[in-house]
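K.L.:
Sequence:
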Amino acid sequence: MKAAYIEQYGGSEQFKVGELDRPIVGADDVLIAVHAASVNPVDWKLREGYLKEMLSYDMPLVIGWDVSGVIEEVGENVTDLKVGDEVFSRPDIARQGTYAEYVAVDAHLVVKKPEALTFEEAASLPLVAHTAWQVMFEVMDAKAGDKIFIGAGSGGVGTVAIQLAKAHGLHVITSTSTKNVDWVKALGADEVIDYKQEDPADRVRDLDFVFDTMGGDGQAKLYQMLKPNGMLVSISTPPDEDQAKEAQARVAYVFMQPTGERLQHIAQAVERGELKPVIDRIFDLDQIKEAHDYGEEGHAKGKIVIKVK
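Under this note's numbering, the letters of the sequence shown match residues 5 to 313, in that order.
What the hints contain is simulated information worked out from the structure, not anything from laboratory work.
Some hints here could point you the wrong way.
[To be verified] Quick list of in silico lysine-lysine cross-link-like pairs, BS3-like style, CA-CA up to 30 Å: (1) Lys293 x Lys249; (2) Lys249 x Lys280; (3) Lys49 x Lys20; (4) Lys56 x Lys86; (5) Lys200 x Lys183; (6) Lys6 x Lys183; (7) Lys280 x Lys200; (8) Lys86 x Lys170; (9) Lys56 x Lys231; (10) Lys305 x Lys200; (11) Lys147 x Lys116; (12) Lys20 x Lys231; (13) Lys86 x Lys147; (14) Lys189 x Lys200; (15) Lys49 x Lys86; (16) Lys6 x Lys116; (17) Lys6 x Lys170; (18) Lys183 x Lys249; (19) Lys280 x Lys116; (20) Lys86 x Lys293; (21) Lys6 x Lys313; (22) Lys249 x Lys116; (23) Lys305 x Lys116; (24) Lys189 x Lys231; (25) Lys6 x Lys225; (26) Lys231 x Lys49; (27) Lys305 x Lys293; (28) Lys225 x Lys147; (29) Lys189 x Lys86; (30) Lys280 x Lys56; (31) Lys20 x Lys313; (32) Lys200 x Lys6; (33) Lys305 x Lys86; (34) Lys147 x Lys249; (35) Lys116 x Lys183; (36) Lys200 x Lys225; (37) Lys305 x Lys225; (38) Lys280 x Lys183; (39) Lys293 x Lys313.
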């Protein structure tokens, strides 16, 4: 099969596009003929080797952990999916990835693709929507009427989190750059702060939740946005326990773990019209280096998709 892969960690120049063996399909797997994949920050962090203490791989390594496509083969234990089903998934990150013509995925992580979505749209959703759902409705347990700040409203996670939060009745405040303010407001945010003009942490107070998508040194200021016993959840930098205690805040760090049940919730949200994919650019598999370089610039509105078939 044709695949984009690396043979050692490093920059985007490490990518090679060539022929690799098709994945072996286990008894609990399905083999997906990949139509589209997408690019996420974890992809280039992993490519650079930042996660090699946490995740160990055999080389060559196919990166990419979002996929949509058509089932080509099913393992002997799989009963609820069949050859020809159009599906999407966020596969197990411990296995080989999706920048390839075929990927073997644990069947319990595979869900039928919403009919309204193209393969490219479906491939843009699993990782970011899983993340938003897990953070807001499982870790935070956010309810209608709660007030939440979602960082980086025009990013991959932000665009999805805003839509899901509004569908669940939350009051949503977010931030973005000047040129994207109206665009992000159209996604459903109640209040959009232009971070080029003002630091949201200097203005917003008494929130139930802060969804920190950026991490880094700016995290410390986010606590002042919370009411006492409010909660900050980060998907980027693990929160500092001492800072949290001083701010009388609850905290959590989430490294997303996929489940089929959560992906089913996401598919249903699409079918109800509560969630629409936001795609910035589509690249061909041969353009994987350019896709990663563009993603690392940090200016994409929504998701970067890789068209495979």
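K.L.:
Determine for every hint whether it applies to the structure shown.
P.N.:
Status of the hints after comparison with the structure:
1. Simply put, Lys293 and Lys249 have alpha-carbon atoms about 43 Å apart, too far for the 30 Å limit, and the pair is violated.
2. Proposed proximity of Lys249 and Lys280 is contradicted: the alpha carbons are some 38 Å apart, above 30 Å.
3. Restraint check: the Cα-Cα separation between Lys49 and Lys20 comes to about 17 Å, which is no more than 30 Å; the hinted pair holds.
4. Taking the CA atoms of Lys56 and Lys86, the gap is near 35 Å; set against the 30 Å cutoff, the hint is violated.
5. Between the alpha carbons of Lys200 and Lys183 the distance comes to roughly 10 Å, so the proposed pair stays at or under 30 Å and holds.
6. For the given pair, Lys6 sits about 39 Å from Lys183 by alpha-carbon distance, which is inconsistent with the 30 Å threshold.
7. A threshold of 30 Å between alpha carbons decides the hint, and for Lys280 with Lys200 the separation of about 27 Å falls inside it, so the pair holds.
8. Proximity of Lys86 to Lys170 is assessed by CA-CA distance (about 35 Å); at most 30 Å being required, the pair is judged violated.
9. Under the criterion of a C-alpha separation no larger than 30 Å, the hint pairing Lys56 with Lys231 is inconsistent with the structure, at around 37 Å.
10. Only pairs whose Cα atoms come within 30 Å are accepted, and Lys305 paired with Lys200 is accepted, the gap being roughly 16 Å.
11. Using a Cα cut-off of 30 Å, the hinted pair Lys147 and Lys116 holds, with the two alpha carbons roughly 28 Å apart.
12. Restraint check: the Cα-Cα separation between Lys20 and Lys231 comes to about 50 Å, which exceeds 30 Å; the hinted pair is violated.
13. At roughly 37 Å between alpha-carbon atoms, Lys86 and Lys147 are farther apart than 30 Å, so this suggested pair is violated.
14. Taken as a hint, the Lys189 and Lys200 pair is honoured in the structure, with Cα atoms around 16 Å apart against an allowance of 30 Å.
15. In summary, the hint linking Lys49 to Lys86 is not supported, as the alpha carbons are separated by about 34 Å, beyond the 30 Å threshold.
16. At most 30 Å may separate the alpha-carbon atoms for a hinted pair to count; Lys6 and Lys116 meet this at roughly 24 Å.
17. Taking the CA atoms of Lys6 and Lys170, the gap is near 40 Å; set against the 30 Å cutoff, the hint is violated.
18. For the given pair, Lys183 sits about 37 Å from Lys249 by alpha-carbon distance, which is inconsistent with the 30 Å threshold.
19. Of the supplied pair hints, the one linking Lys280 and Lys116 holds, its CA atoms being roughly 17 Å apart against a limit of 30 Å.
20. A C-alpha spacing of about 34 Å is found between Lys86 and Lys293, which places the hinted pair above 30 Å, so the restraint is violated.
21. A C-alpha spacing of about 11 Å is found between Lys6 and Lys313, which places the hinted pair at or below 30 Å, so the restraint holds.
22. A C-alpha spacing of about 43 Å is found between Lys249 and Lys116, which places the hinted pair above 30 Å, so the restraint is violated.
23. Simply put, Lys305 and Lys116 have alpha-carbon atoms about 26 Å apart, close enough for the 30 Å limit, and the pair holds.
24. Restraint check for Lys189 and Lys231: the C-alpha separation of about 24 Å stays at or below 30 Å, so the hint holds.
25. Our distance criterion of 30 Å between C-alpha atoms is broken by Lys6 and Lys225, whose separation comes to about 46 Å.
26. Proposed proximity of Lys231 and Lys49 is contradicted: the alpha carbons are some 33 Å apart, above 30 Å.
27. Of the supplied pair hints, the one linking Lys305 and Lys293 holds, its CA atoms being roughly 19 Å apart against a limit of 30 Å.
28. Restraint check: the Cα-Cα separation between Lys225 and Lys147 comes to about 25 Å, which is no more than 30 Å; the hinted pair holds.
29. A hinted pair counts as satisfied when its Cα atoms are at most 30 Å apart, and Lys189 with Lys86 does not qualify at roughly 41 Å.
30. Of the pairs offered as hints, the one joining Lys280 and Lys56 is violated, with about 34 Å between alpha carbons and a cut-off of 30 Å exceeded.
31. This hinted pair checks out: Lys20 and Lys313 have alpha carbons roughly 18 Å apart, not beyond 30 Å.
32. This hinted pair does not check out: Lys200 and Lys6 have alpha carbons roughly 43 Å apart, beyond 30 Å.
33. Straight-line distance between C-alpha atoms of Lys305 and Lys86 comes to about 35 Å, which puts the hinted pair past the 30 Å bound.
34. Note on Lys147 and Lys249: the hinted pairing holds, with a Cα-Cα distance of about 24 Å set against a maximum of 30 Å.
35. Pair hint Lys116 plus Lys183 does not hold up; C-alpha atoms about 36 Å apart against a cutoff of 30 Å.
36. Distance check on the hinted pair: Lys200 and Lys225 sit about 16 Å apart at the alpha-carbon level, within 30 Å; holds.
37. Restraint check for Lys305 and Lys225: satisfied, since their Cα atoms lie roughly 25 Å apart, inside the 30 Å limit.
38. Simply put, Lys280 and Lys183 have alpha-carbon atoms about 21 Å apart, close enough for the 30 Å limit, and the pair holds.
39. Restraint check: the Cα-Cα separation between Lys293 and Lys313 comes to about 18 Å, which is no more than 30 Å; the hinted pair holds.
Of the hints listed earlier, those the structure fails to meet are numbers 1, 2, 4, 6, 8, 9, 12, 13, 15, 17, 18, 20, 22, 25, 26, 29, 30, 32, 33, 35, in rising order.
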